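Since the structure of chain A is already known, use the hints to place chain B on it.
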Amino acid sequence: GAGVSQTPSNKVTEKGKYVELRCDPISGHTALYWYRQSLGQGPEFLIYFQGTGAADDSGLPNDRFFAVRPEGSVSTLKIQRTERGDSAVYLCASSFSPGTHEQFFGPGTRLTVL
Amino acid sequence: GQQLNQSPQSMFIQEGEDVSMNCTSSSIFNTWLWYKQDPGEGPVLLIALYKAGELTSNGRLTAQFGITRKDSFLNISASIPSDVGIYFCAGHNTGTASKLTFGTGTRLQVTL
Numbered sequence: 002g003a004g005v006s007q008t009p010s011n012k013v014t015e016k017g018k019y020v021e022l023r024c025d026p027i028s029g030h031t032a033l034y035w036y037r038q039s040l041g042q043g044p045e046f047l048i049y050f051q052g053t054g055a056a057d058d059s060g061l062p063n064d065r066f067f068a069v070r071p072e073g074s075v076s077t078l079k080i081q082r083t084e085r086g087d088s089a090v091y092l093c094a095s096s097f098s099p100g101t102h103e104q105f106f107g108p109g110t111r112l113t114v115l
Numbered sequence: 297g298q299q300l301n302q303s304p305q306s307m308f309i310q311e312g313e314d315v316s317m318n319c320t321s322s323s324i325f326n327t328w329l330w331y332k333q334d335p336g337e338g339p340v341l342l343i344a345l346y347k348a349g350e351l352t353s354n355g356r357l358t359a360q361f362g363i364t365r366k367d368s369f370l371n372i373s374a375s376i377p378s379d380v381g382i383y384f385c386a387g388h389n390t391g392t393a394s395k396l397t398f399g400t401g402t403r404l405q406v407t408l
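The listed protein sequences derive, respectively, from chains A and B.
For the first sequence, my numbering gives the first residue as 2, with consecutive numbering after it.
For the second sequence, my numbering gives the first residue as 297, with consecutive numbering after it.
Excised from the complex, chain A in its bound form (with noise of 0.2 Å):
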């Protein structure tokens, strides 16, 4: 399809586990974006890539938050050591180039952690 794919939909670990998620963005966008949704929430900022690089990493929680886009394209959010707090839904999006406020969104992973 020609939107923002993330895999996997869902992930259930257990407490103190390593997990990674994927996402996809659109073809030539250069901007990439991670968001948290907690339950009844709105999206909050985690991390912010323009081509392979980290522009704006502030909204990272602590360091057991990691995120790579080694390619300029497909970005990785890593979460080490997880915790129980960390269950949210992770949304990704992208954007034509950072100038451009129109982000388009991937329909989530739900992270579950038990």
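In case anyone wonders, no lab produced these hints; they're calculated from the structure.
These numbers come from a predicted model, not from an experiment.
Do not rely on the hints blindly, as some may be mistaken.
[Claimed, not checked] Chain A stretches covered by chain B per the calculated footprint, using a threshold of three residues with CB under 8 Å from any CB of chain B:
1) 41 to 49
2) 105 to 115
[Unchecked claim] Pairwise CB distance ranges (calculated):
3) B:F308 <-> A:L40: 18 to 28 Å
4) B:A374 <-> A:E21: 39 to 49 Å
5) A:L115 <-> B:A348: 29 to 39 Å
6) B:L351 <-> A:E15: 47 to 57 Å
7) A:Q81 <-> B:N371: 15 to 25 Å
8) A:T14 <-> B:A348: 40 to 50 Å
9) A:S39 <-> B:S303: 17 to 27 Å
10) B:E337 <-> A:S59: 25 to 35 Å
11) B:A374 <-> A:F97: 25 to 35 Å
12) B:I309 <-> A:A56: 34 to 44 Å
13) A:S59 <-> B:L408: 41 to 51 Å
Built from N, CA and C at the ideal position, the CB exists for glycine as well.
For chain B alone, kept in the frame of chain A given last:
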């Protein structure tokens, strides 16, 4: 992190009625956007506003960028069942590297 205040939190309306919701912030934004989110999906952009005082329409949707730059309003006219969902406002400032700050959401339910 910061979340913008949206009201009402939820609303039940009858098909054909008009709907109004608003979003307020303690700080100024240069751009306001409105998104709709369906269950199990990501937010979908409805309207973008770039100038204080701007009034923009998209079909049955009309949104306004408040003069103070601290608020925005969304109106839906003649609601239909497919309008059901959660509506989020989002603000953006040029100095924050494209980060969007979202509101808490307004859940809309439409009854026949």
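Going through the hints against the structure:
| no. | hint | in the structure |
| --- | --- | --- |
| 1 | 41 to 49 | holds (count 7) |
| 2 | 105 to 115 | holds (count 5) |
| 3 | B:F308 <-> A:L40: 18 to 28 Å | 21 Å, holds |
| 4 | B:A374 <-> A:E21: 39 to 49 Å | 45 Å, holds |
| 5 | A:L115 <-> B:A348: 29 to 39 Å | 47 Å, violated |
| 6 | B:L351 <-> A:E15: 47 to 57 Å | 51 Å, holds |
| 7 | A:Q81 <-> B:N371: 15 to 25 Å | 45 Å, violated |
| 8 | A:T14 <-> B:A348: 40 to 50 Å | 45 Å, holds |
| 9 | A:S39 <-> B:S303: 17 to 27 Å | 20 Å, holds |
| 10 | B:E337 <-> A:S59: 25 to 35 Å | 27 Å, holds |
| 11 | B:A374 <-> A:F97: 25 to 35 Å | 33 Å, holds |
| 12 | B:I309 <-> A:A56: 34 to 44 Å | 41 Å, holds |
| 13 | A:S59 <-> B:L408: 41 to 51 Å | 45 Å, holds |
Consistency with the previously given hints fails for numbers 5, 7, ordered from lowest to highest.
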